[in-house]
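J.: The listed protein sequences correspond, in order, to chains L and Z. Take the first sequence: its letter number 226 is residue 226 in this note's numbering, and every next letter is one higher. Take the second sequence: its letter number 95 is residue 95 in this note's numbering, and every next letter is one higher.
These are computed hints drawn from the structure, not numbers from a lab. There may be inaccurate statements among the hints.
[Stated by the list, open to error] Which residues of chain Z face chain L? A few of them, derived with a C-beta cut under 8 angstroms, are:
id	residue
1	T29
2	Q33
3	R35
4	K116
5	A161
6	A164
7	E170
8	R173
9	A174
10	G176
11	A221
12	F224
13	T227
14	A229
[Said to hold, decoys possible] SDA-like mimics (lysine to any residue), calculated; alpha carbons at most 25 angstroms apart, straight line:
id	chain 1	residue 1	chain 2	residue 2
15	L	K62	Z	E169
16	L	K62	Z	V179
17	Z	K116	Z	I102
18	L	K62	Z	W87
19	L	K62	Z	V88
20	L	K62	Z	Q180
21	L	K62	Z	E170
22	L	K62	Z	P178
23	L	K62	Z	R91
24	L	K62	Z	A90
25	L	K62	Z	T64
26	L	K62	L	D12
27	Z	K116	Z	T64
[As the list claims (entries may be wrong)] Have a look at the derived ranges for each label pair, beta carbon to beta carbon:
id	chain 1	residue 1	chain 2	residue 2	range
28	L	R116	Z	I102	36 to 46 angstroms
29	L	D219	Z	V220	51 to 61 angstroms
30	L	E156	Z	L63	56 to 66 angstroms
31	L	P71	Z	V245	53 to 63 angstroms
32	L	R22	Z	A123	51 to 61 angstroms
33	Z	M126	L	R86	26 to 36 angstroms
34	Z	I102	L	G20	40 to 50 angstroms
35	Z	T269	L	G20	57 to 67 angstroms
36	L	G20	Z	W87	19 to 29 angstroms
All residues carry an ideal CB built from backbone N, CA and C; glycine is no exception.
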Amino acid sequence: MSQTSGTVLRTDGVDVVLGGRRILMDVDLTVRPGEVVALLGANGSGKSTLVRAALGVIPVAKGQVRLFDQPLRTAPWHRVGYVPQRMPASTGVPTTACEVVRAGLLSRRRLRPGSRAQAIAALDAMGMAHRANHPVQEMSGGQQQRVLIARALVREPDLLVLDEPTTGIDLDTISTFVATIDRMRRAGTTVVVVLHETEAFASMLDRAVVLRHGRVVHDGPPPPARAEHAGPQHEHAHPHAEPPRDDGLLDLEVIGGDG
Amino acid sequence: MIEMLTSPLMQRALLAAVLVGAAAPVIGTFLVQRRLALLGDGIGHIALTGVAAGWLAGALAGLTPPDVLALPGAMTVAVLGAVGIEWVRARGRITGDVAMAILFYGGIAGGVLLIKIAGGTSANLMSYLFGSIATVSRTDLLWTALLAGIVLAVGLGLRGALFAVSHDEEFARASGLPVQFLTSLLAALAALTVTVAMRVVGLLLVSALMIVPVATAQVVARSFQRTMALASGIGAGVSVVGLAVTYWYDLPPGATIVVLAIVIYAVVTMVQNARRHPDLSIDPHPDLADDVRVIEET
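In isolation and in its complexed conformation, chain L is listed as follows:
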């Protein structure tokens, strides 16, 4: 444990077993403050499982998980914002967007929901303030996704963890969303994002971690940005520390079928 200090998220030799099957094997992942890290890999490679285990949603069979250099039991949960893949299936009890977002203000030490004003502000950041009092059951998948993102944003997190946030969202919303994340990144927020397509995020990724069959097979520079992102008109704020390695691993289905 030489370098535990100053990490936002760290897993050491993590194994996850679900339903008698080992989904993750010996995963080491270190995310430092201010980094934007993409978790890539094919379906079933274990990327969602990794973020779920790192946030204590599912138990770890072996190894250690630390958030802000603390074990999960004592982690500063109010600094973590999580956006799951989708909203849980409706059970019929109507629930407004505002109610969902206010639930985002709870954490270990805070069992009472926050103010309505905070929730509305977070919804506004996702362009959903006008729908605050509408039941989420009546919203489209993309609108529900925006509510879930607002629920994470309302925490004003130092670590934002997103599980395929752009799946099923139209292009306009994606660009608003990416702009919001970029603003947070500039303000120092650390971002871990599970992606199928790196395209939308290409300009801000510092690092990519690629999983295959539950193991980390690459931890380094992200896949090269495609033409429109590397083009002269595109602001590329993050020069990479080292040139992308040509080890053949990055070109797998990571970019999601090279168009």
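Position chain Z against the provided structure of chain L, taking the given hints into account.
T.: Just chain Z now, kept in the frame of chain L:
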């Protein structure tokens, strides 16, 4: 009317009915949202074992009447059973419906077995199975008021956190919420509700008072808060009206209350369906931007 309200027996019964009718749907709203609508039923069944166990303890201790420990017994066994089920379910050892089925069967069988050992007969269990609000004593009322007060205070006081685990357990975990504690607490509250409602509607109909008002409220309400408030109001209303009806007509109170609740549900659903006549010409998402441009060829 005045006559009904001046009878001390009826006063006690009405007070118990209001408290139970208002408290049960509060917990029921969380249960419906967690897809555990039948949990109350499972707990109701296992509480029967508790009733018999209390009876047995009372008989062994030589207390009179032998059922003075029935309510504490029901409460203890119901809480232990509910929290146990939640614990087992959380560990994924057993699915919710199988766990529930085992509670149903085990609870009834255990109750019938124990009451026999205590020297009673299954007939002694009838008043617990179907309620006996007409015989509410001063002590019963105190218990009911106390437990209903606890259920309301905790259920409403922690409704933010209970809503969070009920709506999205995964996010609640990733927020650091004490999920196991909160779900166990909810199970315990459900068990307390079952025990207080036992005297009003009976163990077999307990769950109806928790669930049917919620089912009615969610047809018209547009938010979780409203659903809960409305359900609580409906619960209190049907309990009082149902009970009052049995003052003039010789009907079993528990069944009358539940049938009334179901009738209201049916009426509300039909009215709502008639009002919301589907207008197929309206764009369901008028505020969504178009992202596909259709170019018409000439």
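J.: Now tell me if each hint is right for this structure.
T.: Quick rundown of the hints versus the structure:
The criterion of a C-beta within 8 angstroms of any C-beta in chain L is met by Z:T29, whose closest approach is roughly 6 angstroms, and the hint holds. Because the smallest distance between the Cβ of Z:Q33 and any Cβ of chain L comes to about 5 angstroms, under 8 angstroms, the interface hint for this residue holds. With its C-beta approaching chain L no nearer than about 6 angstroms, Z:R35 sits inside the 8 angstroms limit, and its interface hint holds. The closest approach between the C-beta of Z:K116 and any C-beta of chain L is roughly 40 angstroms, which is over the 8 angstroms cut-off, so the hint fails.
Checking Z:A161 against chain L by beta carbon gives a least distance of about 4 angstroms; that is within 8 angstroms, so the hint holds. Proximity of Z:A164 to chain L holds as hinted, the smallest CB-CB distance being about 4 angstroms (cut-off 8 angstroms). Given the 8 angstroms rule on beta carbons, the hint for Z:E170 holds: about 5 angstroms separates it from the nearest Cβ of chain L. Checking Z:R173 against chain L by beta carbon gives a least distance of about 5 angstroms; that is within 8 angstroms, so the hint holds.
For Z:A174, the interface hint holds, since its Cβ comes within 8 angstroms of a Cβ in chain L; the closest pair sits about 4 angstroms apart. Because the smallest distance between the Cβ of Z:G176 and any Cβ of chain L comes to about 3 angstroms, under 8 angstroms, the interface hint for this residue holds. Hint on Z:A221 holds. Least Cβ distance to chain L is approximately 6 angstroms, under the 8 angstroms limit. Hint status for Z:F224 relative to chain L: holds, with the closest Cβ pair at about 5 angstroms, below 8 angstroms.
Among the interface hints, the one on Z:T227 holds; its C-beta lies about 6 angstroms from the nearest C-beta in chain L, closer than the 8 angstroms criterion. Proximity of Z:A229 to chain L is violated relative to the hint, the smallest CB-CB distance being about 12 angstroms (cut-off 8 angstroms). Between the alpha carbons of L:K62 and Z:E169 the distance comes to roughly 23 angstroms, so the proposed pair stays at or under 25 angstroms and holds. Distance check on the hinted pair: L:K62 and Z:V179 sit about 22 angstroms apart at the alpha-carbon level, within 25 angstroms; holds.
Between Z:K116 and Z:I102 the CA atoms are separated by roughly 21 angstroms; this keeps the pair inside 25 angstroms, and the hint holds. With a C-alpha separation of about 22 angstroms, the suggested pair L:K62 and Z:W87 falls inside the 25 angstroms cut-off, and the hint holds. With a C-alpha separation of about 22 angstroms, the suggested pair L:K62 and Z:V88 falls inside the 25 angstroms cut-off, and the hint holds. Restraint check for L:K62 and Z:Q180: satisfied, since their Cα atoms lie roughly 21 angstroms apart, inside the 25 angstroms limit.
About 21 angstroms separates the Cα atoms of L:K62 and Z:E170, which keeps this hinted pair within 25 angstroms; it holds. Straight-line distance between C-alpha atoms of L:K62 and Z:P178 comes to about 22 angstroms, which keeps the hinted pair within the 25 angstroms bound. Between the alpha carbons of L:K62 and Z:R91 the distance comes to roughly 17 angstroms, so the proposed pair stays at or under 25 angstroms and holds. At most 25 angstroms may separate the alpha-carbon atoms for a hinted pair to count; L:K62 and Z:A90 meet this at roughly 20 angstroms.
Annotation: proposed proximity of L:K62 to Z:T64 is violated, straight-line Cα distance about 57 angstroms (limit 25 angstroms). Proposed proximity of L:K62 and L:D12 is supported: the alpha carbons are some 9 angstroms apart, at most 25 angstroms. Taken as a hint, the Z:K116 and Z:T64 pair is honoured in the structure, with Cα atoms around 17 angstroms apart against an allowance of 25 angstroms. Evaluation of the 36 to 46 angstroms hint for L:R116 and Z:I102 yields a pass: the beta carbon distance comes to about 43 angstroms.
For the pair L:D219 and Z:V220, the beta carbons lie near 54 angstroms from each other, so the given range of 51 to 61 angstroms is met. At about 59 angstroms, the CB distance of L:E156 to Z:L63 agrees with the hint of 56 to 66 angstroms. Our hint of 53 to 63 angstroms for L:P71 and Z:V245 holds, since their Cβ atoms are close to 59 angstroms apart. For L:R22 and Z:A123, the Cβ-Cβ distance of about 56 angstroms falls inside the hinted range of 51 to 61 angstroms, so the restraint holds.
The hint said 26 to 36 angstroms for the Cβ distance between Z:M126 and L:R86, and at roughly 48 angstroms that hint is violated. Distance hint for Z:I102 and L:G20: a CB-CB separation of about 23 angstroms, inconsistent with the stated range 40 to 50 angstroms. At roughly 44 angstroms, the beta carbons of Z:T269 and L:G20 sit outside the given window of 57 to 67 angstroms. With their beta carbons about 21 angstroms apart, L:G20 and Z:W87 fall inside the hinted range of 19 to 29 angstroms.
Of the hints listed earlier, those the structure fails to meet are numbers 4, 14, 25, 33, 34 and 35, in rising order.
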